[in-house]
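Residues per chain are reported as follows:
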Amino acid sequence: MKPIPFEYFAPTSTEEALEHLANLGYNGKVLAGGQSLIPAMNFRMARPGALVDLNGIPELAYIKPTADGGLAIGTMTRDSKVEHSPEVAQRFPLLLEVMPNIAHPQIRNRGTFGGSIAHADPAGQLPAISIVLNANLKVLKKGGERWVKAEEFFLGPFMTVLEPEEMLAEVVLPGLPPHTGSSYQQVSRQKGGYSLAAVASVVTLDTAGKCTSARMVMISVGDVPILSEAATRILVGQKPTPEAIAEVAEIAASKEIDPGTDIHATAEYRRHLVRVLVRRSLSTAFERAAK
Amino acid sequence: MAGRVFGQSIPRNEDPYLLTGQAKFIDDIELPGMLHAAFYRSDYAHARIKKIDVSEARKLPGVIAVYTAEDFGEFVRPGPLQVPPPTAIKGSIFHARPLMPIAKDKVRYSGEPLAVIIAENRYIAEDAMDYIVAELEPLPAVTDLEKALEPGAPLVHEDLESNLAALVKQERGNYEEAAAKADVVIKKKIYVDRGAGAAMENRGLVVNWDDRAREMTIWATTQAPIPLRNSIATRLGLFEEQVRVITPFIGGGFGPKIMTSQPDDVLLPIIAMWLKRPIKWIEDRRENFLATTSERDQIHYAEIALTRDGIILGVKDVFYHNTGAYDPYGMTVPLNTQTHTVSCYEVPNFYTEIRMVFTNEYVVTPVRGAGRPEGVFVMERLLDYAAQELGMDPAEIRRRNLLRKERFPYPTGIIGQDFVEGVLDSGDYPETLRRVMEVIEYEKFRKEIQPQLRAQGKHKGIGIVCFTEGTAVGPYEGARVTVGANGKVTVATGISTQGQGHFTVFAQIAAEQLGVDVKDVNVITGDTGHFHWGAGTFASRGMGVAGTAVYNAAVKVRQKALQFGARFLGVSEDEVELCDGKVCVKGDPSRSMPLGEIALKANPTRGTIEPGVEPGLEATAYFGPPYGATGAGAVAMIVDVDPETMAVNIEKFAIVHDCGTVVNPLLLEGQVMGGVHMGIGNAFYEKIKYDENGQLLTASLMDYLIPQATDMPKEMIVEHLETPSPLNPLGMKGVGEAGAIPTPACFMQALEDALYEYRLQIDETPLNPSRLWELVQQAPKK
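Residue numbers (the working numbering), protein chains in the order written: chain D, 1 to 291; chain W, 1 to 782.
It is possible that some hints are incorrect.
[To be verified] For lysine-lysine, the following PhoX-like pairs were computed, each having C-alpha atoms within a straight-line distance of at most 25 Å:
#, chain 1, residue 1, chain 2, residue 2
1, D, K191, W, K458
2, W, K652, W, K447
3, W, K519, W, K458
4, W, K276, W, K59
5, W, K169, D, K2
6, W, K782, D, K191
7, D, K191, D, K81
8, W, K689, D, K191
9, W, K106, W, K147
10, D, K191, W, K652
11, W, K147, W, K447
12, W, K782, W, K188
13, D, K191, D, K210
14, W, K90, W, K104
15, W, K652, W, K714
16, W, K189, W, K147
17, D, K2, W, K24
18, W, K444, W, K189
Since the hints were derived computationally from the structure, they do not count as laboratory data. Quantities reported herein were computed from a predicted structural model and do not represent experimental measurements.
For reference, chain W alone in the conformation it holds in the complex:
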């Protein structure tokens, strides 16, 4: 449904600012009298606080104030929960232990703040840390998910009977009955570890309290400006209207920046009110690893039951999920795992059980993929083990089990992160598989190329996997579209932007409706002063939900423009049309009125207006889907492995992706590639490693490796299938997380194929060359 600008590869409106260094980021904000904050953090992961002496630190010249939990009194309390538990799932247990803004009595993760230092600059604030004496009594740390639930394990929250944070069981059909009838049942323990968001820009907050105006302005690197404003206002006892949250340009989000009610956004606003001076906190990379949320490990006990023809009868997956020391973000991540384990296949019987566990590690919240890659990894690995067992080609076993397109809409029977039963709305999964096999020349590689390579002693393997991505979930987003007297258009929406390209794609949607140039649409995101209803940027919902709200508002403005235009031109509404920024009389372009003039006339300053007429060329609209739209795709990759050193090069990567209607192919390709990049990280580079004492061993980019350009595939093919979603008028589905989801599973399959002399069954991610070598040492030779 590509239009004049909608659906076109239009370069980004925001790039001239970003590429020439003109864009304003949070650390560019300087205010008169601004102070700087630093957090003094616990070295221990689990400890009782005996005493914290900050008296010497307070004396250091340049230090304005040092606070511990005591100084905040009743203001320091846990919470609130940012995401509620899934009460819609019958019998589910959830122990809410929302985040403490600063440690009181007990430390539960290494990096938990014990004191906040406010100083004239960040250097002095860090110097002051040398003068703080914290007497802590270390306790045994909880880091192993299974041991954590054993009787007698040390307790992260001593008021609970165990470290079990939640228990959720869901089933469709009856797995045990299906397994009893199966020809083959494969059981495997699978370990999935996901990493950090590790955005290029760390988090940051600037707070300015105007004591006379009684107004607070907060600049923040948040993905959820409105929830952030609301939580700050609530905690401070202010009206929401007294607090304005502004997001400047943000260097990447990837999930962790959705979190609110963290130490910084709870404590710094009240300190700014006390001191009546602006405060800046810019997180450094070490803090980002220690104390910005990320994802972590899951341990799956997974089973698949099949006929000897490779038809799936059932899947069972009981898994442990590490939620860290608190669970303020509810169960979004493990619920996504549940909903994405079997989602693109016909699996009549499916049992899934979450055992969410508290540990002495930092809090787990979504990172691009948000539990989906874990589910897909488990399912795709199970299919590969089954293919090995049955002597089938990995592509063939998938082809036989993919849901046919006649099945849509397909109710899954599994309740997801939006607390409603998941329904797969649309797609053509077999077609994505067929096309990805075609573009990577799967059959040719298998039958012609690979045998020759093996004869030459080369180790190149191919992998192929399928996936879905639940996207565009509710509750809702809104947008306001306004035509100015200059004839240009402003779009304001409540979500915020971390680099996705909203300034361009939302402009395309509005420009298409209003007949103006994309460059003449000014998009405002993430400023509660401009739009203050909405939930935020997450779950690949920007386009599908906020984009649809922009569309709905633009359609209203278009109607209004035609209505007013016709009236001002003295003709009837069906006689006019939009033409190049004007309303024209059909067939007589000499009779026209520019949109700017209509906007001006639609906002009279004297006289009267007709009853019911709203002023200006402006409209606000909202959109909330009944359930999320589900994107899907298939990927394939060819890897080259040095069988001695286990160095791996990805030679070729192909993805055929379906996110419904494509708004901007250029930006879409970037999104997909970025996701794949992250997926490669989760397969072979990125690992957050805590030791058995809960010490974070990967608190720098020296230790936590992010794929470089040189680690990306040498060749990349990105293709799209467009099956429009029936859930929104433009037929859009999200894509933000797509590439990250299937990549680790595909990588492991390709490795097994490359190292064909061994009976290798990789049951963990991420790997590294050393670990891969170990697995090969342990694997029997074929």
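Chain D on its own, in the form it takes in the complex:
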């Protein structure tokens, strides 16, 4: 379990990092917290020819409030910083609920918010959270910048729209309207372990108690995080009843996901879990929105 020989670059500015990535092309790989990449390299499953280490670039780590009540989070912000940030707690209680489920404290001290999204593990929480929170992702390359909606960022397991010379630089989470509630529900075999299935919901009510927005995403039950269409279609414009929620859960579990069987769980069990967790997540999110 030792990596193959590779080159290592330690730029001290974003500009320098982009320069390296441009030069390296397909040979280069960004090193953020390294909590997934380094084990993959040690197993020789990942064999990058060169690493561009972002850990020496302080300007990439920050949590900045935005005018619309949202947050801009620099790609190298450690997960533990997000977990313990008062701004995050106030503006996105969902993240407060999610973060302790990401591995263990030691790993969150090293793992980064942007790195986890760019890594695009189908069992990872943050890719799904970026979708359910409607994040905008700032992508940089040498001499260029583009913005990608989180919904359009993920192509498959460990695959994103990022080109080899590009890097994810910032995650912007738009502010949430009043009367918004959220809930994260996960079943994993162990605390901090991979989820067998997980569901995150963000819902908004109007003053009459009708649902104006319902975003619900499912994790570990497909190649990428799956944003439920049924949740929006069935719930928006309605008062959220247990029956409506049960209908969403049923459609989500039977039609919207594509779970697999592995050594930890069967596909049938994962479908069952989604049915349970969608119900729990949406019910809790609506309860919180109504408060």
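Using the hints provided, position chain W relative to the given structure of chain D.
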């Protein structure tokens, strides 16, 4: 029988080194010119070797040598058997197929070494693997224990008629006659799967051959340093005295590190002699899963015959045992299963049959529990099915059948891993059950708490089971106790230490006898340069066997100290006593001589000595019991199950354990908890999974789950009953495996109780939430 230090909760002598990072582990060893080894392993589980081309790998800069089986010539041959077969059991069949150190002609398990690479560092050694081309012709793999014995099944060893590795039948009484008279007979197929030792530290070996001194020093993470030294010396044609095996601090053993004559310890010593340079091999986690021995599956066809009052008339158990591709460790694991199936109960008629099977999986050898948890799982499940059938409380059916203490010593009629008939020496099994019910408030939970919880829609269940643990088996261990001129004591013994606390408990035994401080006793374990007789650390025998040898030696030194002390003080022996590191004249402490001074004077450099007097304050003693001492206990646990997701939390766990005389309650509690931790793993987390092609699907800690702190019981109660064993002077029995033995059975019973709406009869371990959900889906509603 607690004394001044013996029997006290003394913090560990070794902890200051370990906790401050000062302890030396094998990977800390650096020698000038040291090379690094890596094994190129087969991806196929079963294949014929056509050709292995290592020529390109040899050319890689930094690669010193690459060897295949051909390069070793006659040196590569199977074996030897580390544990002989149980010839004491009449009619038993055993086909010895000891381990091959490197695959020759045929591969029999995935991960079997095809080549050894020696390079300047481990990185380069692993790089070289990309340049090795192995042409292998895959064969159908044998992984299913029952199909393996069907006619026409592919053969792991083609010189045998079938994949049957061994067949052993033992019976006391006559089961069939008993069953014919029974009111109830329950038959069930039960599947028990146990996992890896998965010690925190993987295995490792450093070999240094001094070509001029003709001496080899080997640092190894072994539980059996002396057998390892002997097997290496024998294979190399050296005297045992030319080979010294040293165990540095070791991060856990749990059984698999007992194995010797494995690819690393066979091949690396001769390579070190050829290259005349030190070689280090540190196993990585993937290799540990692929190619360090572990336990695996057993399939039991079990029956229990009872009266309608729940009194056991007989038990029958015919089981298949997976031994892997070779059987170098004999039959220790399935024999333990045989001896532990019915051991704490009065079972007049018992038939047990082992069908040991070769498969294309890695070799099975003991892991903490070593077959005992399997037997206990089968028996305790049978009792639970019987209780369900008879409408009895699980605790009650056990109470009615436990062996009474008047029955000891109780010959079991079943021959065990030490090849003698098992005899239960001592204990009070009904008392352990009574006390565990008391500490977990069993009746209160059943009658008051649980009905309320159920009314609230909660699913909390309780389980309660009993077990024994055969421990402290022979053949023997020895120890040498020496008082130095500094007045401090050195204890050297042949067993090695993997974290049990020997540096403290052996010190306590010696300190109690010699009247010195525990911190002033230096314990040396696992260094053949210091002590070279013994078998090793296994079967919970460290305290009971080596500990007793330490005691015997310390008693001799004490006598010698009094004898010499009296002489040097000019008084008679009955006038002196030991006092605080000195020999004092009774009633006149002003007349005394420190032990160090006596030690010095007892080793004169000029003059004469009396005939028959041995120099120094030193003695060596050995101890070997006629048969092993049997520990026992009862456990209970309360679990909380989410009936939708099948997430399980263990709320409370209680164990009342009897390992005879307690040497150090603090360390004992740690041992018990560690065992329970492993038992929880075997119930709900740890599973080695091979697919039908013999591919290991669980070769990392991502896939092979080990219970975390958060998976442990929220509350844990550990209590002890002390019924001293008559088999050794201190009355000790072992405890190393105790917690691992009853836990899976107890867990399943508690789950069934929690999911009370279903008629659930769990007949397998380990489970996981997904599998539990499946079982619940299939179970009829009550």
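Hint-by-hint comparison with the structure:
1. Taking the CA atoms of K191(D) and K458(W), the gap is near 22 Å; set against the 25 Å cutoff, the hint holds.
2. In summary, the hint linking K652(W) to K447(W) is supported, as the alpha carbons are separated by about 17 Å, within the 25 Å threshold.
3. Our distance criterion of 25 Å between C-alpha atoms is broken by K519(W) and K458(W), whose separation comes to about 51 Å.
4. About 20 Å separates the Cα atoms of K276(W) and K59(W), which keeps this hinted pair within 25 Å; it holds.
5. For a cut-off of 25 Å, the pair hint linking K169(W) to K2(D) is broken: about 48 Å separates their Cα positions.
6. With a C-alpha separation of about 33 Å, the suggested pairing of K782(W) with K191(D) is violated against the 25 Å cut-off.
7. Between K191(D) and K81(D) the CA atoms are separated by roughly 20 Å; this keeps the pair inside 25 Å, and the hint holds.
8. Between K689(W) and K191(D) the alpha-carbon distance is near 22 Å, which keeps this suggested pair within the 25 Å criterion.
9. Straight-line distance between C-alpha atoms of K106(W) and K147(W) comes to about 21 Å, which keeps the hinted pair within the 25 Å bound.
10. Using a Cα cut-off of 25 Å, the hinted pair K191(D) and K652(W) holds, with the two alpha carbons roughly 18 Å apart.
11. A C-alpha spacing of about 47 Å is found between K147(W) and K447(W), which places the hinted pair above 25 Å, so the restraint is violated.
12. For the given pair, K782(W) sits about 20 Å from K188(W) by alpha-carbon distance, which is consistent with the 25 Å threshold.
13. With a C-alpha separation of about 36 Å, the suggested pair K191(D) and K210(D) falls outside the 25 Å cut-off, and the hint is violated.
14. Of the pairs offered as hints, the one joining K90(W) and K104(W) is violated, with about 35 Å between alpha carbons and a cut-off of 25 Å exceeded.
15. For the hint pairing K652(W) with K714(W), the CA-to-CA distance comes to about 6 Å; that is within 25 Å, so the pair holds.
16. A threshold of 25 Å between alpha carbons decides the hint, and for K189(W) with K147(W) the separation of about 16 Å falls inside it, so the pair holds.
17. Proposed proximity of K2(D) and K24(W) is supported: the alpha carbons are some 23 Å apart, at most 25 Å.
18. For the proposed pair K444(W) and K189(W), the alpha carbon gap of about 34 Å is over 25 Å, so the pair is violated.
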